[in-house]
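There are 2 protein chains.
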Amino acid sequence: MRQSLLFSKTTKEAPKEEASVNAQLLIQAGFVDKLMAGVYSYLPLGLLVLKKIEGIIRQEMDRIGGQEVFLPALHPRAIWQQTKRWEYPEMFKLKNREGKEFGLGWTHEEIITPLARKFISSYKDLPVSIYQFQNKFRDELRAKSGLLRGVEFLMKDLYSFHRDEKDLDQYHEKVKAAYFRIFRRAGLKKETYLTLAAGGTFSKYSYEFQTVTPAGEDTIYLCPKCELAVNKEIIEEEKFTCPECGNKKLAIKKTIEVGNIFKLKNKFSGPLNLVFKDKDGKEKDVFMGCYGIGLGRLLGTIAEIHHDDRGLLWPEEISPFRVHLISLSGAEKEGEKLYRDLLEQNVTVLYDDRADKSAGEKFAEADLIGIPLRMVVSERTLQKNCVELKKRAERKTKLMKIKEIKKCLN
Amino acid sequence: MRQSLLFSKTTKEAPKEEASVNAQLLIQAGFVDKLMAGVYSYLPLGLLVLKKIEGIIRQEMDRIGGQEVFLPALHPRAIWQQTKRWEYPEMFKLKNREGKEFGLGWTHEEIITPLARKFISSYKDLPVSIYQFQNKFRDELRAKSGLLRGVEFLMKDLYSFHRDEKDLDQYHEKVKAAYFRIFRRAGLKKETYLTLAAGGTFSKYSYEFQTVTPAGEDTIYLCPKCELAVNKEIIEEEKFTCPECGNKKLAIKKTIEVGNIFKLKNKFSGPLNLVFKDKDGKEKDVFMGCYGIGLGRLLGTIAEIHHDDRGLLWPEEISPFRVHLISLSGAEKEGEKLYRDLLEQNVTVLYDDRADKSAGEKFAEADLIGIPLRMVVSERTLQKNCVELKKRAERKTKLMKIKEIKKCLN
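Those sequence lines, one after another, are chains V and G.
Numbering of the first sequence is given in the working numbering, commencing with residue 143 and proceeding in unit increments.
Numbering of the second sequence is given in the working numbering, commencing with residue 143 and proceeding in unit increments.
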């Protein structure tokens, strides 16, 4: 992509009305735009990152047998009354011209469970797991954390269906492993901990994935030995002790919840009558699990973790481009050639071909945008038949012969 | 994908409550599910087709310089009042807990125009074109045509921004060509015609892409010579004459509008104050165009056009899988091997590995699902080291040596 044609532009100053670091950086660098509190537009650079995150999650969901679907956002009132969740205060409600009432989905158990009823009738139809990427809506009063707390937000939600608790438990472990793979690939491995949290009616616990950062709105009690944490909401119940090893020296950390996995058991299959005929001929409730990741929140968390005072620093696998190529005055021709060569090698490139920007402006913008590898071609580097390489995370630069670039990118 | 694991199942009978052929077929074959009138869930097979259509459109939009974004569905009231479209009867309206009013987007001029204001200030920033794939919502009273008329529906909307009318006109021609490429690739070339329609306030005409089918709710007057049509809504104005060649022998056809392109000129840039400083130093309104394709409607139209009395017939480029492989009793082992071989060759396969279905049931379901190429492996075909090939659109079958399959798929 030529930067001269890019729709978005960076700004010199961070937006004043944003309190959160993630939104400040992402808006200043031209990744997102704020329409109103908790509602953001993804601009071309931001959408590239979002699609990379989506691609990672899709791959990991497919790996554990997930089948992708796409469910509606507009839900009929009746089904939410059956599960007694119609009165949930964060549900947006609306009427059509005929007076029929609808809610906007903030989760999809009420849709997926009746859908599963159409296809599950025997133990032979189990297990099965279904996921989607879909916009959720939540009437959030305090949407002040940028992308961390959305009123409208893209979410991956996976639902699994099982014969019994044992099978649910086994799948739950698989999802746990898949989630850790996702957070590792998204660059959050070091900071993200499995955390026990309140379980709701049918389980003692649920599990959250909590990422440590000062921007966090949650608090966890972390056992450094087990790398297991307990959410503050249940730490009294747990007597301020690691449930794994009994350790009482827990570290208190601010965190963002980047994912959660939950054993629903028959909480929804019961009221929505999702049953199956088992091998023994008996009709039983299907056991369910649900597993969420908010993509915008994940993106915001990555921005909170991976930045410095000059801007963003994207982890390689989710960077909008692999290389930020900058041509300076006098090296335009060689810049063009290099740009085309890189594209031919299937390297994704943001190419700063702008004639009306100084070297200093281009470097500052490259730091703000945060692509992992910067490549500068100038009269000076061309004297040595070189380009200058610099990793975004490092200070030092090095010269490399143009003809050797191909090797270093393989 | 193993059919034994597929979430959806086909049904013997078409759903009785659906009047439209597209929804009957797509539900019966397990591609979509109806949540309520005008609101459908995409099941795994349906989502595969939707994603193929999305991929084609994305490729063609990128080819004409489009940059992809993702805009919100939830819109603040104020911006729609500025363009005097807040009272549009098909807009869903809702309030949050604090009493603030929002609309659900049925189009995005009100969002993209203020966004473009942030990045467009000079003639140097023009032209630029921006598109997205996003769910639209429309309070539709008569949502009785299956996927053809949605209350919630996925849409591609492209918006272009220009210095003057000439540049807009030139881009308009490019989009026209891109749209024809899209409809050709989606299997609708033969039936789809450029159609003059009412233009609104600022243009005499807009252009629609109308696909001829008895299921259509629109009527066009088609000039067989020019392959240009006139929408019934303006045919009197046009004196029942082809505007291109003066022909008065126009054929009256029922059609579905599968796309539209519209010169907005300064209809939205005016009230929303999207201006730029031109070369001559003067401030001028940006000229805009907008260009839509409803993906669900397109999918529904394809189902209306491409089916027979046994089921769907997907055009190759949008088929959920390239091959429907069926193993019959006694050929399970060879079926498994063939399945794995095809996957290794990057051929997408739906593999009917179900042990509890008869050959007749498997064939009937394959016809209903409509994958272009059926491949059967049975004891009979194995005696000749062959598989049986059958194109969905043809009656005849032929035997092919297993070792030669690779060649025929390249």
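Keep in mind that a hint or two might mislead.
As the list makes no split between identical chains, a pair holds if one copy fits it or if it spans any two.
Claimed, not checked - Listed below are the simulated DSSO-like cross-link pairs for lysine-lysine, each with C-alpha atoms no more than 30 Å apart in a straight line: (1) Lys475 to Lys266; (2) Lys318 to Lys266; (3) Lys151 to Lys381; (4) Lys278 to Lys226.
Calculated directly from the structure, the hints in this document are not laboratory data.
Okay, the hints, checked on the actual structure:
Taking the closest pair of Cα atoms, Lys475 and Lys266 come within 30 Å of each other only across two copies (21 Å); inside a single copy the shortest separation is 64 Å, beyond that limit. For a Cα distance limit of 30 Å, the shortest separation of Lys318 from Lys266 inside one copy, 25 Å, qualifies, whereas the shortest one across copies, 50 Å, does not. Neither within a single protomer nor between protomers do Lys151 and Lys381 lie at most 30 Å apart by alpha-carbon distance, with minima of 52 Å and 49 Å respectively. Both within a single protomer and between protomers do Lys278 and Lys226 lie at most 30 Å apart by alpha-carbon distance, with minima of 19 Å and 28 Å respectively.
In terms of the numbered hints stated before, the structure departs from hint 3 and from no other.
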